Amino acid sequence: MRVTYGIAILCILVFAYGCRKYNELDEDTLDTRFSGGVNTAFDESSGAFSHAFPELSANDLAVHEVGDRHFEISFVTAPALIRPGLGPVYNNVSCASCHIADGRGKPALPGERLLSMLFRISIPGEDAHGGPVSVPGFGGQLQSNAVYGKALEGSVNISYTEEPVYFSDGQSISLRRPSYVVQNTYIPPPAGMLLSPRVAPPVFGLGLLQAIPESTILNWADEQDTDGDGISGKPNYVWNLRAGTSTLGRFGWKAGAPDLLQQTAGAYNEDMGITNPVFDQESSLGQSQFDGLNDEVEVSDSILKAVAFYTQTLSVPARRNIKDPVNVSGEKLFTQAGCNKCHKPSVRTAVDVSFRAVSNQLIFPYTDMLLHDMGTDLADNRPDFKANGLEWRTAPLWGIGLTQLVNGHSNFLHDGRARNLMEAILWHGGEAQAAKEFVRQLPKSDRDALLSFLASL
Amino acid sequence: MKPQLSTTLIAAIAIIFAFHSCKKNSGNEAVVSVEPAEVIHDFAHKVAFATYTDLEAKANLLFVQVQTFNVTNSNTDLASCKQLWKDTRAVWEKNEAFLFGPVATEDMDPGIDDWPVNKDDLDTLLASNQVFTSGFLDSTQTTLKGFHPMEYLLFGVNGIKSASEFTNREKEYLLALGDYIKRLSTKIRKSWDPNESGNYLVNYTSAGQTGSNYATKRAALEELVNSMIGICEEVSGGKIEEPLAAQNPNLEESQFSQNSIVDFTNNMRSVQNAYFGDYLEDGIGLNKWVNQSNISLDNKVQQKLTAAINSFSLITVPFGQAIITQQLQLHQVQEKINELKDVLEGELLPYIQAGVTD
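Residue numbers (this note's numbering), protein chains in the order written: chain V, 17 to 473; chain F, 3 to 360.
Simulated from the structure, these hints should not be mistaken for laboratory data. Be aware that a few hints might be false.
The calculated label-pair distances, taken between Cβ atoms and stated as ranges, are [as the list claims (entries may be wrong)]:
#1 Leu330/F / Val367/V: 43 to 51 Å
#2 Glu347/F / Val367/V: 31 to 39 Å
#3 Thr126/F / Glu71/V: 43 to 51 Å
#4 Leu282/F / Val367/V: 57 to 65 Å
#5 Pro204/V / Asn252/F: 40 to 48 Å
#6 Asn436/V / Ile326/F: 52 to 60 Å
Keep in mind the model is a prediction, meaning the values are calculated, not measured. Even for Gly, the Cβ is constructed at its ideal location relative to N, Cα and C.
Generate coordinates for the entire structure from the input sequences, incorporating the hints supplied.
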């Protein structure tokens, strides 16, 4: 019997160590594998970004699954018996067409069609709510597709110029600088039209980002750089349609959307031409492509909320190899370089008694949700509410190491110009100039360690 | 009261002892054991690459037959086109348990199998002066190309379209679709062809080595099983559930050919092929790796697979009718698929995660 119990105890220890749950961990020694707190998915396959929160109620899981199915479906031209409403002008036919496997889009290569990337457009000035001014005849986004028989608004030809960048040890890397030419427009665009390229960002973990207390984000802000560390951090305030006032922006490359419902509704409307209760007018209203139909909303309030809920309840993939000495070393370099000043490693979500799944979770998103000057090389020179043409919201880094597996590429930054993580680092400028220079001075072994750490996220 | 060993603990002990003892038989004589690397190798070569090679072959036959029909305009040749569409479709559906790699990330899946058909745009196109060149479909939206627009043209709304009903413009579009499906099938085959540069087969089979997307062999096998789980969820929870719950035949995917039950069955056969590591020739599959240390689990997976596949025999009318008249039977089918999914998710996947250490 003693032998049996000995084996039993051994087994308990072995399995308990391997299967410890988030809630059982001591916070002082919290296992940083749990990037999304309790909402962490342990999956190293290409479905890593597509797991529902593990502790959703049966009803919430059912809503998530409805949202999942509608995230996938393709719309077609009205009238149709099912899925009607595409266009008349649009960027893609479904959510999943751009956010493939809930992951990251990529730019087109020269001569290719835009598939998971779009361009926001505006003319100089501010609209009545402090936002970008729509382009007459085009709106706020260039729709590069149209249903058959209608004219697409225009397309963009992307070309790249290779530029070498040297590390202090003499090794070099080539960066590709993009340039964009708007072409094939259905009417001449106004002179001075501003253009902002955006690849589709990953959609996992968004419910946790939404649950970060506003006070925490504002505490991180240092718009005037009063502490003198060279890092400012500015909150964006954007027009919240349902609230009828400006509120903190959180989502999108410039934090231009206040919450997931508005973000989802905007994507339906602008990306696919699908009207919905939040945006109930066609994006082509007033243009020659407008079909003149007095359509009822093409996505119901119920489905819109289910799809927003789907993006709210996608788990975050777990970190891998956290005790690998190289990764530990890389993490130290990440801090020494000062990357952590904007890419804040951890934060605690707010207590939310109405939605326990996101409540009071220690998460590791590596973002401060604030706008930062990223320098002239990355500038789109297009203001977006409080964000000026140099500023971008700090992109979360969780899950970036799985991008190649999930999406088949490792293109990063708002326009996907970086073909790998080192290129992404070397495009940093502005407030991140010192951090970039720190990396540029590192010996190769340290650069590799830093990349290895990032790949573990 | 004596402490009770939990089910988990018993399972844990069983797994440890099973893996400890699987290498040798009772006489201490070494036996041939199946390694994860062999499972990965045979899946990649004998299932994925073999399936896509067959897809390309069938798509080539389909295109030739569409060309023939375009000339003869005979009902016999149209019937052959319809059968070859089903044959090609069958191979495609048998890849859905392993839709990962370039077929998923490079827009090949939506390019060949998006749904529904954009009939309004298709009608507008057919009425236009647009020339349907070989590459025309490359630039169109996904709901205008691939299997389902071809199904719509070949079978017609009621599934009984005859040759005399075809317009010249429809035949021109059919030719473009045949050429497009053939070319895309070649692209898909090349993406897993070990002789093509940058192919995914090498990436997958080199799991655990530098340069592979898969940090470990365990991750490569997790990829496979997760994909098998995914198609079970999609068939039961999406393809069957949505039309059934809505009582709406228009939500049936292969409604023009009335081929949906065959599609679903082939989806389950795809899971079977992935598990057994074979398609047209025998291979070393997960079944052999599991069986050497856990016969009961292997038996259970096989039993659930067979039950799921056989359950479709309960449906004796086209799916579009069955959602109205055979709802009980469809619920039974869903139940069998869900049972399979539960075993894959709750037992096979953890078994791999515990047993594959590299």
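Now for the hints, and whether the structure bears them out:
The hint said 43 to 51 Å for the Cβ distance between leucine 330/F and valine 367/V, and at roughly 46 Å that hint holds. Between glutamate 347/F and valine 367/V the C-beta distance comes to about 32 Å, which sits within the given range of 31 to 39 Å. A beta carbon spacing of about 48 Å between threonine 126/F and glutamate 71/V agrees with the range 43 to 51 Å that was offered as a hint. Distance hint for leucine 282/F and valine 367/V: a CB-CB separation of about 58 Å, consistent with the stated range 57 to 65 Å.
Taking the beta carbon of each, proline 204/V and asparagine 252/F are about 42 Å apart, inside 40 to 48 Å as hinted. Between asparagine 436/V and isoleucine 326/F the Cβ separation comes to about 54 Å, which falls inside the hinted range of 52 to 60 Å.
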